[in-house]
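The chain contents come next:
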Amino acid sequence: DSGVTQTPKHLITATGQRVTLRCSPRSGDLSVYWYQQSLDQGLQFLIQYYNGEERAKGNILERFSAQQFPDLHSELNLSSLELGDSALYFCASSSHPGTGYEQYFGPGTRLTVT
Amino acid sequence: AQSVSQHNHHVILSEAASLELGCNYSYGGTVNLFWYVQYPGQHLQLLLKYFSGDPLVKGIKGFEAEFIKSKFSFNLRKPSVQWSDTAEYFCAVNAYGSGNTGKLIFGQGTTLQVKP
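Listed in order, the protein sequences are those of chains Y and X. If you count by the numbering used here, then the first sequence holds residues 1 to 114, one letter each, in order. If you count by the numbering used here, then the second sequence holds residues 1 to 116, one letter each, in order.
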C-alpha cells in the first residue's frame, strides 16, 4: 500500500458524459501527478499540482481539467467523454514538486466509456 | 522532446533464467531514472531508482540496473527470475531542466511472463 488512495476503482459511463476522479495523496505530500495508461498511448503524464497550484502540464486534452484543493486532495474532471478516453488513470504523489523525488502511485481508476 | 524506449515488448522466460530488459532515453542533460513494476491488477511499484553516484543500483526483489551515461541506457537485470516476477515493467525518466518538475516520461513497458 503506497498511501495514495483513488476513488472510484472502476467507472463505466457513456460517451458525451462527464466524470470526476478523486485522489488523496500520501500524508504530508504536497505534489500530485495524474497519468493516463491506455493500450495505444502507454503511460502518459497529464498534469501536476503542487500545494494547490498547477505546476506542469503534459498531454492533457482540453476536455480534461484538474484541481487540487486546500486539503491537498486532487480531482481530475473528464468531460464530453469519447470511447478513446477509456483507460486507467493513475494518481501519484511526492513530497516535493521538483526533480529528484520519488513518486508513489495510487491503485488507479479504470474508466470505461461505452 | 524527451522519450524513453524499451526494446523488448514481450519477454517469456523459464524460472531460474536470467533477465535483462533494455531501456534507452533521449535527453542530453541530467536525469533521474526509474524502473517500476506493475503486477496484474495492481498499481505501479518502484523497483529501483538512480539519482546520482554509483551507476549500478540495486533494488527490491533481487533486481538491479546499470546506468551507462554514454549509451543513454538504464537496463534492468535479474540473475534468476521466479514465476512471481510475471508482471509489466516500465522504465521512466525525470529530466532536470524541464521546468523543475518531477513529471515522469515512461517507456512503453515490457510484459514479462515467467513459466514455472
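Just so you know, these hints were derived from the structure itself, not from any lab. Please note that the accuracy of each hint is not assured.
[Said to hold, decoys possible] Listed below are the simulated DSSO-like cross-link pairs for lysine-lysine, each with C-alpha atoms no more than 30 Å apart in a straight line:
#1 Lys-71(X) <-> Lys-61(X)
#2 Lys-49(X) <-> Lys-57(Y)
#3 Lys-115(X) <-> Lys-69(X)
#4 Lys-49(X) <-> Lys-61(X)
#5 Lys-58(X) <-> Lys-71(X)
#6 Lys-9(Y) <-> Lys-71(X)
#7 Lys-61(X) <-> Lys-57(Y)
#8 Lys-49(X) <-> Lys-69(X)
#9 Lys-71(X) <-> Lys-57(Y)
#10 Lys-69(X) <-> Lys-9(Y)
From a predicted model like this one, the values you see are computed outputs, not experimental measurements.
Hint check:
1. Lys-71(X) <-> Lys-61(X): The hint holds at about 26 Å.
2. Lys-49(X) <-> Lys-57(Y): Given that 30 Å is the threshold and the Cα spacing comes to 24 Å, the pair holds.
3. Lys-115(X) <-> Lys-69(X): violated, 33 Å
4. Lys-49(X) <-> Lys-61(X): Holds - the C-alpha atoms of Lys-61(X) and Lys-49(X) are around 14 Å apart, at most 30 Å.
5. Lys-58(X) <-> Lys-71(X): Roughly 20 Å between the alpha carbons, so the hint for Lys-58(X) and Lys-71(X) holds.
6. Lys-9(Y) <-> Lys-71(X): Violated: Lys-9(Y) and Lys-71(X) sit about 40 Å apart, past 30 Å.
7. Lys-61(X) <-> Lys-57(Y): violated, 34 Å
8. Lys-49(X) <-> Lys-69(X): holds, 15 Å
9. Lys-71(X) <-> Lys-57(Y): Between Lys-71(X) and Lys-57(Y) the Cα gap is close to 29 Å, so the pair holds against 30 Å.
10. Lys-69(X) <-> Lys-9(Y): Given that 30 Å is the threshold and the Cα spacing comes to 39 Å, the pair is violated.
Checked against the numbered hints above, the structure breaks hints 3, 6, 7, 10 and satisfies the rest.
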